[in-house]
Structures are given as C-alpha cells and as structure tokens.
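Q: Residue strings, one per chain:
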Amino acid sequence: MREMIVSELTQAVQELARGFARFLPRLIVLVIIAFAGWVIAYFLKLLARSILRLIKFDRLSENAGASQLLARAALPPSSELLSRFVFWVAWLGFILLGINVLGIFGLHEQIAHFFLFLPRLFVALFIMFVGLLAAGFFSRAALLAAVNGNWPSPRLLSISVRAIIIVFVLSMSFEELGIAEQTVLVAFGIAFGAVMLGLAIAFGTGGKDLARRFLENRLVRGNKEDKNEDELSPL
Amino acid sequence: MIEELSTPESPGALRTDVKMTEEGFLTDDFVRQLINVGEIDILVGLPTCNNAKTIGPVIAAIQSGILQWFSRDRAAIIDADAGSRDGTPELVAGASIDDVQQRAFNRVALRTLHSISTQYGSSVARGTALRTILSAVELLRAKATAIISPDSSNIQPDWLRVLLKPISTENFDLVLPTYARHKFEGLLITNLLYPVTRAVYGLRIREPYASEFAFSGRMGSQFLAQNSWNDESARAGSEVRITLAAITGGFRIGQSFLGAKNHVEQHAADLVLALRQTIGVLFWSMESNFSLWSNKTGSQPIPTTGTEQEFTIHPQRVNRKRLHEMFRSGVVELESVFRSILSPPTLAELQRIAGLEEDDFYYSAEWWVKTVYEFAAAHHKAVISRDHIIQALAPLFRGRALTFLLENRSSSAAEVEANIESLCLEFERLKPYLLEMWAGRE
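Those protein sequences? They're chains H and P, same order as listed.
Residue numbers for the first sequence, in the working numbering: 1 to 235.
Residue numbers for the second sequence, in the working numbering: 236 to 677.
Only chain P is shown next, with the shape it has when bound in the complex:
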C-alpha cells in the first residue's frame, strides 16, 4: 500500500491568481480535485482520447517510474481527456496501484500518488489538453512536469527519470526527447523542421515536435501566461510552440534519449495538418522573433542524455511512385500559386525536376533549402493567404522526401545521419539567402 504521509496543503496555498484566470476554463469538479491534492513536486500529464487499448501499460510504467525514481516526491497523474467513449478516463483514475507496487521492485512511495482525469472537450485538441495540464501544473505548483503520449506502447519507467531528473536536479527548463527511428520515419522532422529550427535559432534540437517532453514549473507558467489560448491558431501545434517558447525565452533546454518511437502520430498523419502544426508554427515564430534569429550564424549542440539520434535500417516498403506523381502534379497544377511564392529561377528548377523520371529524380539539398527559405519569406510578406502558402509546400516536401528515400535506399545508419547533417549545414550556409529574401521580397 502507498502510505499517505503528507496531508494536502491548505487550499489557500494554491495559486489563486491562476485559479481566477483559469476558473472559466477548468471545470469546477476538476478544480475541486486539484485543491484536494494540494501542492506537488512531480506531475505527469496524459492527453488522452480513446486510448483504452494502450493506456494500461503506460499508466503502469508511469507509476513504476514515479515509485522507482521519485518515491520521496509528491506526485500526480493528470489525464486531460477529449471525451473518450472507451473508458480511458476510468482506467486512468482507477489504475491499480497495488499491482504496480508489486512490479515496481517492492518499493513503497513515501508520498501519495494522485491520479485525476478530466474531460476538456468532445474532440481532440492537443493545445487545449496541454492548456488543461499547464493549468493544473500552475494550481498545484508542480516543480517538474512530464507529458507522455498515451499510445507510447514501448514506454519504460526509466523515461520519467531521463525526462524529469534534468529538471528537478540540474535546473533544466525543457527536456525534449530523442528517439531511435526507422531512417525513413519522421521525414518532416529530419528534412524540414529540425534543419530549419537549427539554422534559424542556432540550436540543434532533434525533436522540436515532441510527443513526450518535460518542463519546469517556471517554463510552464510562462508558456501558459504568454500563449494566446483563445485563438484557435495559437492552440495548434502546441508541441512546437512550447519548444520555440523555450528557445525564444532563453530557457535551459536539454535532450534525453528515450529509445524507439513506436507510436505513430495519428493526429498528424495528414501531411498538410502536420505542416501546419510544425513549419507553420515555426514560420509564425520567425515573424515575431526576427531580431533574435537574424544575427545568429551556425548552430550549437544542446546537452543530451544518451545518444543524440539512432536510426534503424530494416527494409520498409515505401510507395515512391505516389510521391513522384504527387510532386509532379503539384508542380504542374500549382504553377499559378508558386508564381506568387517562389522566385523565377527556383520555379524553373522545380519545373525541370518535375520533368525527371522517377529513377533519375533528384531534388538537391541546395534547391530544397532555397525553396523553404522562399516559402518563409513569402509567409512573412503574406503574398497570399499564409495557410495557402503552408499547403503549397506539401507537394514539394513529397519531392524532397522522394530524393531522401532514393539517396538513402541502401545507406547505413551512419550514412543517413551524415546526410541529415549535410542538409542541416546547407540550411545554415544559405541563411544569408533567407535574410535576403526576407528583406528584399516584394
């Protein structure tokens, strides 16, 4: 049995200012439950929606991790649920602690482990889920918070240690994950989001869009206060938004290796949606932080626990023909749109590439970088609707993805890593081109 050695702090000790701000947002019942919990040290947030199949092992791993690594800390699990109809909230709230205790090295927690579930809406909204968890963090004055994806089927108790310890013991403000991935998974991260974030802000953050991450109470408070949550567009891509808030806010950022990333980002399987939530958010951030990034050259590594990135190289079927067709039709059909976004030489090059056969297809790193930078400048100048600019990038990304697949068809993990590094250096080398387009484009 987990012994409850601490009595909850008096409700008056809670952050009443936050309570006032968020009282219209959080349900009364949820606030009451949080008040009963009192102040805590560690909080684990779960943004769930119909995850009954996977949530059991995830909860068990979280509880094991807390018992194993944070047994002296006051801890809580907060489930922000999007109206699950498969009993997910009940599973979270009623997960057996005894069973975990048996499995968890016969350790006994010195503090109460609370598990609370609340419903924030009737459809998935990751931004709202994060806001719910951040509000709970504020109310409970949690010192360190980890967000865990509820479909992480391969979660280990050790994840909590590598995510939360740097915050609780080394004063990091944001700890992002690195994963072992298949070399062809997460191409939007490896070929676009990571290199652009690195070149623009000068920090080598491998997973700016993280499913699992941890942050300090200080970082959480600032992000909760600064993000304009009532704006729907500001709630989209909250995972990238929190990374960018840490970069632009000068917070201490670290990375921890979590192992294989087994769950697929279902909510972002749609490429256009994924682009909106990643590169769209990054372009917006560049808009308001020009003075911060415009003077940066090169990039710096950030402290990393474990390896920075691992690639698996087992064979995987990929529909290259579809990528080729969609790139080709995109370049042909969207010519009128590209005329507003791209410079004539870049458009001419894309049209030349679109004429290549699949086997000869090659969208070079240099032209890819120029394309992305011209898109960023067009987004800055709002030459057409900004959302249309992001949508127009989708077929071109498919072309770049196809080149990456062809280039790395038989590459080893080290060669893949070298190719990604080479692309990143190309983004850094051509940063003056971005500044030129940013300033000069009419």
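Isolated chain H (complex conformation):
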C-alpha cells in the first residue's frame, strides 16, 4: 500500500516535472517574445511620436477640437496618447503571440479574434479622427459665414453643425466596431430625424421673419439693394 502511494506520488511528480519541463521552454519563449515585443513596441512608440510631431499632429488635433476634449479629461496631448496607444497595441499583440505559444486550449480562437478586430479598431479610430477634423472645419466655416453674413446666433449654428457631424461620425465608428449596430443605427436615425424636424419647425415658426427676410434678400433684387444702402465699396 505504502509502495503504491509512493509510486503514484513519484509518477505524479515525474509527470509534473515532465509537464513543467515541456512548459518551461514555452514560458521562456513567452518571456522572450514579451521582452522583444516590449522593445519593438517601445521603438514603434518613439517612431509614431516622431512622425506625429513631424506632421504637426497636435495642431491638427487642436483644429479638430480633440485636444480640448483631452485636456478637459486630464489626458496627455493627442500625439502622446496615440503613440502610447501604438505601444500598448503592439505589446499586447506580442504578449498574445507568446500566450499562443503556450498552447492553452481555447485561447487560440480568442487571440485570432483579437487580431481580426485590430484593423476594424484602427479604421474606427481613423473615422473618428477625420470626423473630428471635419466637424472642426465645418463648424468654423459655419461660424465665419454666419458672422460675416450678420446672421443671428452664429455660435449656436456652429455648435449645431459640429454636433450633427460628431453624432454621424460616432455612429459610423460604432458600426465599424460592430458595437450595438442596430441600437446605434436606430438611435442615430431618431436623433438625426429629431434634429432635422426641430430645425424645420424652428425655422418655419420661430424664424418665420428671418426666413422671410432671408428669402426676400435672396430673391427680391430691390431688397438686396436696400440692404446695401450706405455700404461702402471696399475696392
């Protein structure tokens, strides 16, 4: 009996030792991959930071209004944030590669999903960034046109343009990420429809005088001349 127990224990220990002997090289490979990955990711971070500084990404981000959002959230500047993001995505990718080497059952599929998800994540981020740029550009264009055209509430118009574009961009990004596609689509449809309906009602009722003036100025030549009365020719 005692011998049997010893034998079983010995066998178990030997199995464990064999398993550990089989596992140890893989663990070492994981550590090596993680370390090499860290070095490569760090290099990529430096590279990304240099490129972003070279193309004056922070200024682009400031123009898009992203910098102000980041500052409010006590986050670092956008070029720093993006280079950190590159670092973590790259290092995480290497760590997952290393874990894959361990051969743990069930992880293969999850890791493959992660790598398949990466391009969509980048596309979504790209859409958001371009969208923020577009929102900044068009809201400023609307603001300038409204001020120079002497329209009422230029800032409200500018904020509305910005909000509409951002909502549109967010819905596109979520759709790309596959997050609550139906919900986002319906929510966007409702929100966009509500805004348009609200604007139509506001323009038609609250702004009927403005609408009349606008149409008169556009369509009736005489009134346009009246408006320009006392105006000096700049040239």
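In short, the hints are calculated from the structure, not lab data.
Just to be clear, a hint being listed does not mean it is correct.
Unchecked claim - One side only, chain P facing chain H, incomplete, derived with CB under 8 Å: (1) GLY318; (2) GLY322; (3) ILE351; (4) LEU422; (5) LEU423; (6) LEU438; (7) TYR444; (8) LEU527; (9) GLY565; (10) VAL572; (11) PRO580; (12) SER620; (13) PRO630.
Ideal placement from N, C-alpha and C gives every residue a C-beta, glycine not left out.
Guided by the hints, dock chain P onto chain H, whose structure is given.
A: Structure of chain P alone, referenced to chain H:
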C-alpha cells in the same frame, strides 16, 4: 472709312508654341479670327458680362483713343465675354467705326482696327477672362495691351494714351491707374492693400488691384507662362496677381492718373470675396517671395503720370452703426478663431475696443498693423485653414474702416491723404514685428 493698308501677317508668323499650349483653352473660332488678324502693336482687352448698357460709350472711347493716339499702330479690341445674354458681344463686334471716326477729330486710322469677341464661359471668372486676353496677346504678339473695365462709364479716349504710351515709348512693363475717389471709397485699398503691399515690397503702388491697367508683351508672356491657370485659387484675384508678378519679377512699373473712378467693383462688393481677391493673394505671394521682401525697409515711389491720388470730400451717408455692430459681434463670436490667429495682447486689445461705444470707438493704426501682421504670420504658418484666416479678417477690417470714417469725418482731401500716409509709415515702422511673428510663431 478706316483704310486697311496692311495685310495680315501670314499665320505661320504667329506664336505656334503658345498656340499649342492654349489650343485646348481657346475656341477654334477664336483662334481662326486671331490668325486672320495677324500681328498687332496695340491690344485693348475687355472682360465683359452683360454690359450692354455701358459698353457702347466704352468702345467708342477706346476706338477714339486708338484713332487719336495710335493711328499708325496695328490695333485690336478683344472682348472676353462670360456668356452675356444682353447682346454685349454683338455690340463689341459690330460697333460702328464710322461714327467714331466722325467724332474722333476726323482722323483716319492708317491701320485696320479689329474687334473680336469670344465667350470663355457661362459665368464671370475674371482670371479666365484675363487668361483669354493674355493668350490673344501672345498669339498676336501685341507690344502693349490695355485692360479696360466695361462698366467704366466715365472713360476718356485719353486713358489709352496715359496707359499705353509709357509702355510703347518709355519701356514700362506695367502701368497701373490712380483715381480720384471719394475719401470713403476703396477703404480696403487705402487701409489694407496699399499699405501692406508698400511696406512688404517697398513700392508705393496706389492701386495694386486695378480695373484698368496696361502691360507690355514681355510682361504678359511671363505672367501667362508662370501663373498656374488650372488651379482655381490661382485664377482668383488675377488683378492683384499681375501687379505682384510685376513686382517680384523686377519689371518696370508706372502709374497713370485716370480721373474719377465711377464704376463700383460689383464683383467684389462682398467684403469676404474682396479680401480673398486682394489680401489673400498678397499673403500667398509673401509666402513664396520671403527672400525678396524680408530685407526691404522703407518704400520707394514709382514713376507717376499725373497726380498720385485725389480724394473728393462731398458728404456721403455711411452706416456706421452696422460697421460697429459687425465688428463687435465678430470679436465676441470669433474669439475661438482669434485665439488661434492672434497673440494674447492683440486679442485682449480687440476685446477692449469691442467694448467701446460707437462715438468713442478707436482702433488705432498701431493695433491695426499688428493685427494684420499677425494674420499674415498665421496665414504663413497655416494655424487653421488659410481661407478661414482671410474670412476672420473681415469683421476686424470693418472696425478699422469705422475708425477711418470717424477720424476723417470732416477731414479735407489733404488731411485724408496725410492720414493714409501716416498709416503706411506705421506699417513700414512695424515691419520688424511682421518678421518676428513670421519666424517665431508656432
């Protein structure tokens, strides 16, 4: 009758290289008509669009001027039309020469006077019109060309002499006009374009944006070849562009006094559009010619025929309240935009000025100059869209215009001229500030 003593030169004598370049741009019919004309000495270009009401007297004055001052020269009138629907091209092409001849001191031209009209498009594009005329100048090898605004109701035959003679006899390359204006007309020229051009390039050109001007064949060829006509932005503000091309190209520039400027620049009545076509073009030019202007200090007069500038001072109603309101709302509403363009002290000063009542309103020359120079630096650094920078200048210009109106409410012509000169000297004095902002701004 005008006698045709010269036969047109053979078509082979025309500039075939230009023909090749421009053949896709000019219509076949127009090229055929130009070939029939042959080489010429004098060309008068008219960029028209629905000018039937005013074109008759303008054509008559041009023909009289040619008969009177250039009767021995081969001459042509080229009308570049933007699709007029009131018969303007027909009026140009079919203007009676006999009538003019009767009025024109019974002189008889020794050469044929051709009058050709071509349509370059269906909407007004001054740059394209100028390109059409320049192409004709190249093909016809015209030695001197005058561009005349078709709505110049007060044109005199003598205009052709004062514009074209300096080119044909004194070897000038570009002759720009000076006008007699009301003291409050053309404020964009007197308070912005003229002083900045003068301070930056060191030449006292009173009308860098000219409706009437003349240029030599050499100057026209170079401008036609260098300007990137396919780019829409390069076609805008072609009037300022040709002036700047003459300055940066080292051409001989002169000025001639034409008298009263009666026509209003309808196409530039919109202030933002006018800013784009003038100061926008100037800012672009500063970008590519930094080495040329950065070392210049002070300014030099340019040869002028007649008086340099005259101001009329009859009373004129001006809506000062509107200018004040638009300046004030502009400073308040565009604060976020100005933060990207202006330095904190300048923005703070503008906000202080915006708080002043209309009667106390004063936007000093010094702060105006600093504002303009900071805009130029921001345009250079492209801190935001360059077109947005130009648009943002509009409300501030209104503020400066209001100060000019208040300062010169009861000023005589001499006092107005002195005030403009003082502003110009301020622009020249603060040029180091421009260089500092240009180099240092991030």
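Q: With reference to the structure, classify each hint as holding or not holding.
A: Hint check:
Of the supplied interface hints, the one on P/GLY318 is violated, with its beta-carbon coming no nearer than about 20 Å to a beta-carbon of chain H, more than 8 Å. Violation of the interface hint for P/GLY322 is found here, the shortest Cβ-Cβ separation to chain H being roughly 21 Å, above the 8 Å cut-off. The closest approach between the C-beta of P/ILE351 and any C-beta of chain H is roughly 29 Å, which is over the 8 Å cut-off, so the hint fails. Proximity of P/LEU422 to chain H holds as hinted, the smallest CB-CB distance being about 6 Å (cut-off 8 Å).
Interface restraint check: P/LEU423 against chain H, minimum CB-CB distance 4 Å, threshold 8 Å, status holds. For P/LEU438, the interface hint is violated, the least distance from its beta-carbon to any beta-carbon of chain H being 19 Å, above 8 Å. Contact between P/TYR444 and chain H, as hinted, is supported at the beta carbon level, the nearest pair being about 6 Å apart and thus within 8 Å. The interface hint given for P/LEU527 is violated, since its Cβ lies 25 Å from the closest Cβ of chain H, which is over the 8 Å cut-off.
Satisfaction of the interface hint for P/GLY565 is found here, the shortest Cβ-Cβ separation to chain H being roughly 5 Å, below the 8 Å cut-off. With 8 Å as the threshold, the beta carbon of P/VAL572 comes within range of chain H, its nearest partner Cβ sitting at about 6 Å, so the hint holds. This hint is violated: P/PRO580 has a C-beta 21 Å from the nearest C-beta of chain H, more than the 8 Å allowed. A hinted interface residue such as P/SER620 counts as satisfied when its beta carbon comes closer than 8 Å to some beta carbon of chain H; here the least separation is about 6 Å, so the hint holds.
The beta carbon of P/PRO630 comes within 6 Å of a beta carbon in chain H, closer than 8 Å, and the hint placing it at the interface holds.
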